[in-house]
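Chemist: The primary structure of each chain is shown beneath.
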Amino acid sequence: MNLRKLVLVGNGMAGVRCIEEILKLAPNRFEIAIFGSEPHPNYNRILLSSVLAGDADIRDIVLNDWNWYEQNGIKLHTGQTVTKIDTEKHLVYTDGGIVESYDDLILATGSLPFMLSLPGADKEGVIAFRDIKDCETMIEASRKYKKAIVIGGGLLGLEAARGLLNLSMEVSVVHIFDNLMERQLDPVASKMLQRELEAQGMRFLMEKHSEEILGDRRVTGLRFKDGTVEEADLIIMAVGIKPNVALAKENGIEVNRGIVVNDFLETSVPNVYAVGECAEHRGMVYGLVAPLFEQGQVLAKRICKRETDPYEGSIVYTKLKVSGVDVFSAGEFMDSPDTRAIRVHDEFAGIYKKILVRDNKVVGAVLFGDTSDSTRILQMMKNETNVMEIKRVSVLENPDSAGVSGMAAVAAMSDEEIICGCNGVSKGTIVQAIQEKGLCSVEDIKGCTGASRSCGGCKQLVAQVLESVLGDKAQIAAQKEPICSCTSLSREEVLAEIKEKHLTTVKEVMYVLGWNQEEGCSKCRPALNYYLNMLWPEEHEDERASRFVNERLHANIQKDGTYSVVPRMYGGVTSPSELKRIAEVAEKYQVPMVKVTGGQRIDLLGVKKEDLPKIWAELDMPSGFAYGKALRTVKTCVGSDFCRFGTQNSIQMGIDIEKKFERINTPAKFKMAVSGCPRNCAESGIKDLGVVGIDGGWEIYVGGNGGVHLRAGDLLCKVKTEEEVMEWTGAFMQYYRENANYGERTSYWVERVGLANIQKVLEDPETRRQLNERIDVALSVLKDPWKEIVQNEEVRAVYEELPVLA
Amino acid sequence: MKSLEAVKVEVAKLEDLPFQTGRVVKLNGREIAVFRLSSGEVRAVENRCPHKGGPLAEGIVSGNYVFCPMHDWKINLADGKVQAPDDGCVITYEVDVKEGKVYISM
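Protein chains in written order, with the working numbering: chain A, 2 to 807; chain B, 12 to 117.
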């Protein structure tokens, strides 16, 4: 059988995505050729902002590498631009002289950045933000120049501006309107966004009309219609995109704003199709990723002659990819006379949510500060849920059990629905992979389907799909998870073997338990070292080579390879002479930054590795373990010593706890605080263990976290005396040390095993006594590492470079 | 002729190199990470991960590989190749050990 010849013009996300679908439907039916004008394989354009922001490398955003084309027998012509289509003879021609014939032709020529035709727009240093080359130009410019202007306060402009800030440039954003992202946000959300971005260091010049770009050869500034001038060494135009239709237009294919297509993505010419940003469907041109995938699926079926529902348009929704700012917008976002709104506006928490309803159906939403409801809201829009039938307040409530409501939303999703927007993986694909290949973790799904491989924003959703398919088995599967890919044994199994066979070194564990990598990996080595240490505190000799750099060198490594030093300062209390000593050391070693940490300690940042032992010696203070999976700080408020509200002496309590438990290793870092009264100035509610003084006693909270997994602590117990606080603290820490996975913070652990279970164990005085006994043994053998290193010449040498001998 | 020949430089005594741990040496303005593997062999690569420039000498060494301390890229110390799913390469240097002395060829 002769293969049909399929030619794709445009090697971008939309076209290649469609080819992937076709390969799935009919792997051996087509001989495929792809033309791309950029010199790269297919990459994820929406993640360019992450590359610019330094969160991803260009290699990280490649969707299909060269191998993929080869393995699928696809002829790829990069750096070639198709200039002519002969629709009679079914031939395409490129500027490089290549001619290909086709049976089916897909146009996925995407869009071009819209460039303002300002005088001076041709100067060096004026670019768009559209492809890898632009991205590289911006990174390059940031090394030489300081000041950038981004023209355009839309999605793309703001992402570009954030990226430039990360590259340490000063950034001004120029916008002709009064509101940022005016095509996605209402004025309230827009103003909140502006305030947040200003706090991140962006400058805004609103309602400014650009008139002329200044400079000789290279740009030096921008003049506005009102006569004012803003200096710049780099100008990014991000004012919009326009469908790239030149090729279609010049070759007699019907073009309006985009290439006109019907509900099956067919153009006015037989056997020629268009998909993605270049296509215009029912008067709409889409510049977002979800519609591309939806179009690609319909087109793939059409080309493979499979039955398919028509494409009837997409609901548009947008998320801003800027760190620290959660913005989501879908469908209609401006109130109008015939819509009614459900609104939440918490100015203290910086949260704004608005859902627009027409005829009792959700037609759009704007979420700022908390976008966790976005999937549910989109689902309601797609399903045309009647809001009269549900409790309206709950529409915008962020339910405590987000998992449960999320589960319901996931279960209601159709199989075609896209879970991973970056890689276009549908729910059906994931479900199928779980069922057919027996996958039981998010990692497996990532490896097999590519879902959550790029930005990771859909990870929770993927986990929910997994759970909805496997039910209870998902949890069992999660518990059975091996500690790393070097073994099939879980943490529990490894610990049981270590105890039973009395294994005492990492090497021994790997050898006896049949590790498939002789010396393990960066995941299992530190974990095993910890488990051995925890089980045999007196016997096990700490294995430096199995420690992550921070714990091996006893200092935090920073992004430039320097280190930071945080000496211990019990309870956050210091003295004038100690402060003087710290200041003198900082001056002597020219420490670039002295900073107070969130845990009330002083951080010396930017220290050279070889200076570490000298600095420790001169500070003559113990290590604060700010680098360790260990007790970090015990933050305190002023308490009854000075505070007129303080009911308890929180400072002394904090100092006592810190002195008792310092240096102890825990599965993950462990933060504590003591507050003298329920006003809680030491923020005890978001610590791994927080103590709050109340009239006549103390409350102990556990499992709190102020970090990524923001979580308020649970009340573990109320006690009367300082001794009891110590006893419960020791018992809780040791129970956590013995039972959590390595790397698992208490916030996750408490949720996993359940507070009630922990309380049940710790309620028994005899159990508490035994746990305390074990932690006391572990504490008894610990010494201050800084002092040891300062005194030990051999270890100190590791901090020095090797001298060249000859 | 001399410029064509690799220059051997003595950088350390074997005993200065702890097992499974990297040390840094600066040669001709280049920063090189020197490792003594558990097998006893010595390896030398440029001290810079191709990803974000992480100092490889500070990574965890397993067998013939080092894991970059910054973002955990895995690098083969024999041929300098970054292991999948990441990719890239670091420069490797030839190492000779004679009579307890370690030489690097530049």
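Calculated directly from the structure, the hints in this document are not laboratory data. Don't be surprised by glycine CBs; every beta carbon is placed ideally from N, CA and C. Certain hints may be false.
No more than 25 Å apart at the CA atoms, straight line, and that leaves these computed lysine-lysine pairs for DSS-like [stated by the list, open to error]:
#, chain 1, residue 1, chain 2, residue 2
1, B, K112, A, K560
2, A, K609, B, K19
3, B, K37, A, K447
A partial selection of chain B residues facing chain A, derived with a Cβ cut-off under 8 Å [unchecked claim]:
#, residue
4, Q31
5, K37
6, G74
7, A95
8, D98
Partial list, computed: chain B residues near chain A (C-beta under 8 Å) [stated by the list, open to error]:
#, residue
9, L25
10, D27
11, S73
12, I102
Chemist: For each hint given before, does the structure comply? Return the numbers of the non-compliant ones in rising order.
Modeler: 1, 2, 3, 7, 9 and 12
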